[in-house]
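Q: Given chain A, put chain B in place with the hints provided.
If you're matching them up, the sequences are chains A and B in order. In this text, residue positions in the first sequence follow the working numbering: the first is 1, and each later residue adds one. In this text, residue positions in the second sequence follow the working numbering: the first is 1001, and each later residue adds one.
Quick caveat, the hints were computed from the structure, so don't treat them as lab data. Being a predicted model, the structure only gives us computed values, none of them experimental. Take these hints with a grain of salt, some might be off.
[As the list claims (entries may be wrong)] Taking beta-carbon pairs under 8 Å as the criterion, some of the chain B residues facing chain A (in silico):
hint: 1; residue: Gly1575
hint: 2; residue: Ile1777
hint: 3; residue: Gly1820
[To be verified] Partner residues are not named here, just some residues of chain B that face chain A (Cβ under 7 Å, in silico):
hint: 4; residue: Phe1662
hint: 5; residue: Asp1665
hint: 6; residue: Ala1672
hint: 7; residue: Cys1678
hint: 8; residue: Ile1773
hint: 9; residue: Ala1774
hint: 10; residue: Glu1860
Even glycine gets a Cβ: it sits at the ideal position worked out from N, Cα and C.
Chain by chain, the residues:
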Amino acid sequence: MDGWNRDMTDREFGRVVDLVCGRLSQDESAAIRRLAISDADLRNLIERVAHVISGMGSLGSEAVEPGLVARVKLIYDATLLVPSSVDTDWDLIVATLVEDTRERETLAGFRGVAASYQLTFDADGVEVHLQILPDAGDNSIVAVMGQIEGDGAERVEVLSMVGGDVVAGGSCDEHGYFTLQIGVGTYDLVIVAGGRRIIIRAVEMG
Amino acid sequence: MSTGTEPHASLLDLDWDRLPEFVRLLRESDDVASTLRVWVAQLHELTLKDINDAMERSEMLVEVADRAAPPASRVAARCARSHALAMANRFDDALGLLDQAMDIAHAHKDAHARAHVDHNAVQPLARLGRLSEAIERAERAVAGFERAGDALSTAKAHSNLAVIHRMRDDPRRALHHFDRAIPAMAGMAGIAAQLESNRAEALLDLAEFVRAEESFTRAMSAFHDAGALHAAAVVEGNLADLLGRQGRLDAALRHFEHARGRFEGSGAPGDAARLEAERAEVLATIGLSSEARDAWREVIPALERAGLVREAARARIGLASRLLRDGRLEEAESVARRGAEQCTIVGAELILARANRVLAGVATRKGRLEDARSMLRDAIEALGDAPAEQAATIADSAALALESGELGECLELIERGCGVADRLGLPVLRANFLHLRGRLHDKSGNRDEARRAYGRAIDQIERMRGVFTGEHSRAAWLGDHAGVYLDLVRLELDQDSADAADRAFNTIERSRSRALLDMVHGGVELTEHIAHAAESDQESEYLKRLAAKRSELNAFFSWIESDSARGRHAREAAGDRLATLEREIASLEGRLAATRRFTEVFGDPVTADRLRSRLAPGTALIAYFELDGWISAFITTSERTLVNRRLCESARVAQSLLRLGFQIDRAISLAAAGKDACEPRHVGHTDRELSALAGMLVEPLRKELLDCKRLVFVASDSMQGVPFAALRPASGYLIESHDVSVSPSASLYEAIVSDGTSAASREALVLGVSDEIAPRIAEEAARVGSVIDGATVAVEDAATSELLSSRALRSGIIHLCCHGVFPPGQPMQARIRLADGWFSARDAYALRLSGSAVVLSCCEGGRGAVGSGGEVLGLARAFLAAGARSIVAGQWMAHDEATLALFEAFYAKAMDTRTKSGNFSAAACLSWAQRSILNRWPHPAFWANFFCVGAS
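Chain A extracted, bound-state conformation:
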C-alpha cells in the first residue's frame, strides 16, 4: 500500500477495513501505520472507516463476514459526501430510498391523477415519508410535508448540495410531522431523531 488516494482499489480499501478490524498481521499493520504518520489523508481514511465500522456495531469481529468490505465501502462513500456542516460526532445513518411514487406514471385503481408525489426512506428501521406538492401559484416553490415514524424525531434541516448551507428547517411535533416550503431543487436532508442523524442524500424537491 503506497498511501491513500481516491482511486484505491477495493482490495486496498479492504486492507484498511482489515486493519481496523484487527485482522492484519503485526507487520502488515505496522507498515500501514508507518505510512499514516506522514500521510494525513490515510490517517483520515483509517479514522473514518473506524467510525463507520463502529456505527455498524461489528468492530473487533473475528469472523470475516461476507460482503463486509462492500458494505463498509458503501457507507463510507456515503459519509464522504456528508455535508461539512453536519457534525460527524453523532451517530450517522444514511437512509435508503424505499419508494418514489413518480416511478408509477399513473395512480392504478383510482379515477384521477395525484398533484403531489411521495418519497419513503428507510434508515435502520426509522421510516421517513415525504410528500412534495407544487405551490398553486408559484412554479418555483414546493410545499413539503413529512412524517418520521420512529422514536424521538426532533428536527429536519434542508441543506444545499453546493456548500452544504442550511436553506430551510423545522421542528417535528410529537407525531413526527414537519412542514417546509422551499425552492424547487435537489437537497440533502438531515434528520435528528433519537440521538442519531439520518442523512437523506440528493432529494429531488419539485
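A: Relative to chain A, chain B alone:
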C-alpha cells in the same frame, strides 16, 4: 385641381403616386395658401376620425407644402402634421417637427406663424409632462394671437392653457380659461365638443359630477354626430371614469368596454393604456383585486412608452393602493414611492396626494402612526380642490384616529367626510363612513348606535352589490366589504340578549355564498361563464376570442394527459400556460359581463327563524364561521338557534387538515402500489387526525346535538375539505351514528329544501368512461343503470358531453363515473373526462338542469377553492348553479373498486326508500352506503371522500 374659382381638390384624393401632379397643380394655382388652409382643415377632421390615415396624409401634406407653398403654409402644414403625431402619441416626433416650423417662422419673421407653432407645441409638451414649458408656450401663443387680432386662435390658446392647468391639478384656473375659450368657438362643432369634454374633466376634478356628466354626454353626442368616433371614444372613457368615481361601477365598466372597442387597433396605444388604467381603478373598487393588479402591471409600461408620465404615476399609485389593501406592504411602498417621484417630476399635486395616502397606509400598518397622521393631514390639505378624493383621505384619517383612540377627532372627521359623501352622492364612500361610524360607536360603548350604523353600511353595500351583472363581481364586492358584517356579528355576540344568536346568524348568512344563492334562486345567467348571444360587434368579437381560448384550453387538457407532457419542465410549462389561459378567459368573460344590462336575479338569505321552520325534527344545521382567528358555530334545530363561540383556533384546524391530507395521500399511494393501506398503523394515523378534528369541531357541540340524527354542516373558509362523515368523536365515525350532509350556506340549504322539483320520477342518465387504470367504471355504470328503472346508460364512446347536454334537462338523476381532475389554483378548470373530451366547470354552468340529483363518481369532483365572498369554486358549484338540487361528489382520489361498491349500495338504498313520487334522500342514502362499506375498507381514504349537498 383648383384655379381659385373651382372647388378645391380633397386631401383624401392625395396619394404618393399622384404627389408630383398635386405639386404641379398647386404651383399653378392662383391661391396656394387657401388650398393649403382647406387641406389643413380636412386633415384636422381626419385626425379625429382615423389616425392611421391622418398620419400618412399629413406626411404627404408637408411634402407638397415644402415643394410648392409659401413659408406660412409650410409652417401650417407642419403644425397640422404635428397635431396628428401628437394624437398618435408620438410626442417627441411632433416637437421635432415644430422646431422645424419655428425655424421657418423665425427666418421669415412671421409672428403669427410663431404663435401657431407655440400653440401646437402645447399638447405634446403637456402629454410628456413638461407642464411648465407647455404653459410658457401657451401664454406666448395667447399673447401672439391677441397681438395679431386673431380671436379664434386666441380662444384655442386659452383652451390649451385650460387643459394644462387641469393637468397641474388646478381645475379652478382651468375652468377660468375654458370659460374664455368656449364662447368664441361655439360655432365650430368638433372643437366645441372637444372643449366641452375638457371642461367636463375639470368639473370632474372638482367633483361637480352632475355638470360634468352633462358636459361629457353633450360632447360625446356632438362627436358622434360629426362621425368623429375616436374622439367620441375618448370622451366615453372619461365618462366611464366619472361613473367609476361616483361609485356607479357597473355603468362605468360598460362604458369602458364600449370605448375600448374603439381604441383597439386605433393607432393610439397611449389612450388605450390610459383607458385600461382607469378601468383598473373600477375593478379595484369592486374588489376584483388580481384583475386590477394585472391590468395596471400591463399598462404602466405602455403609458411610459407613450410618454404619459402623469397617467403612469396615477396607475402606479392605484396599483400600490391595491397592494396595500392586500397586505403586501413592501411592494406597496416601493411602487407608491416610484409613483410619487413621477408625480413630482410632472407637478401632479393631486396624484401626489394619493401617493401620500398610500404611504400613510403603509406607515400605519408598520406602526408609524405619527408619520401616517402627518402624511394624511398634508394630503387632505393638498386635495382642497378635489372634494371626492379629499373625502376618501378623510376616511383614512378617521380610521387612523380611531385606531389611536382619538375618538373625538375621529367623530369630527367622519361627520365632515360623510357630509361630502352625501352631498356628492358617493355610495362607496358613504358605506365606508357608515362602517367607521359603527366602529366608533362600538369602541365608545354605544351599542345601539353602532348596530344602526353597521346595519346602514350593510344596506348600502348590498344595494351596490345588486347592480353588478356578474357572479364574480358580486362575490368580489361582498368579499371586499366582509369586514362590516363581521364587526356587526361581533357586536351581536357580545350582547347578552335572547335574540343575539339569531341576529348574528342572520348577519353571517348575508355575507356567505350570496352569488351562488342568487344563481340558485333565479337562474344561472348571472354567471360570466356562460356565453350569451352577441348584441353588438364588440360582443361578437369577444365571443369569437373566448371560443378560441376555450378550444385551446380543452386541447391543453388533452395534451396534459399525453406522454409528451411527462417530466417536470413539461409540467411547469403546462402549468404556466394553463394559468395564462385562465386569466385571459376570465378577462374576456368579465368584459362580456360588463357589456350586459342589469340582471335582476337575487336570492334572499335565510333568517334563523325561517331556517328553524324548514328543519325537520331530529335535524341540526351546524354553520361554522370564523372571527378573529377562531372558529365558532351556530347550531340550529327546529326549536332553537344557539351559538357556541371560540370552539378552536382556525390555525389548528388547518394544521390538522394538512396532516389528514398527508395520511389520505399516503393511503392512496400505498393502495396504488398494491400494498395494504388498511394496515392498523395507517388507519391509526388517519383516525388520530379525524379524532382531533372531531374534538375541535363536534365534541363541544355534543349537548346541543343530542337528539339529532341528521346533521347538515356548513364549513367556514379554512374548514373546506373537512370530511364531516369521517370525523371521529369517542363514539366512532360520525357516519356510524348520524346521516351527514353539507351545504355551502344555510341559505342554500333552505333554498334547495324549498325547491319542490322532484328528481327521481324523471329519467335517469348514467355515463361511464373507463380505462385500464380504472376499469371498474364500466361495471359501475352497468350496475347503477340496472338498478334504476328506465335509466339510459351510455359507456365508453357513447358517454359524451353532447349526450349529457342534450339529456340534462329531463334527467332527474345524472350519474357520471369517469376520471376527474382538480387543478389547485385553477378551480374553473376542474373537469371530468367524457368520451369526447374534458367537461369542465364552465361547461357545467351551461347545462340546464331542473332539480336533478347529480353524482360525480370520480376523483375530486367535489373539491373546491374558496374565492371572494366565501364562494367555493369548482365543479359542484357549477352543477348547483345550473339547477341541480343534490350533488354527491368526492374531495380526493376515488378508489375504483370501493367507489363501485359505494354507489351500488347508494342506489340500492335509493330505490328501496324512494317515496311514491319518486323522491329519495341522497344524503341518507350516501350515509347508509358509507356505513355499509367501511368495514370492508377500514381506511377512510376509501369511503370518506364523498359528501352530499342536498336535502336530507
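Q: Does each hint hold? Answer for all of them.
A: Against the structure, the hints:
{"no.": "1", "hint": "Gly1575", "in the structure": "6 Å, holds"}
{"no.": "2", "hint": "Ile1777", "in the structure": "7 Å, holds"}
{"no.": "3", "hint": "Gly1820", "in the structure": "5 Å, holds"}
{"no.": "4", "hint": "Phe1662", "in the structure": "5 Å, holds"}
{"no.": "5", "hint": "Asp1665", "in the structure": "6 Å, holds"}
{"no.": "6", "hint": "Ala1672", "in the structure": "5 Å, holds"}
{"no.": "7", "hint": "Cys1678", "in the structure": "14 Å, violated"}
{"no.": "8", "hint": "Ile1773", "in the structure": "5 Å, holds"}
{"no.": "9", "hint": "Ala1774", "in the structure": "5 Å, holds"}
{"no.": "10", "hint": "Glu1860", "in the structure": "6 Å, holds"}
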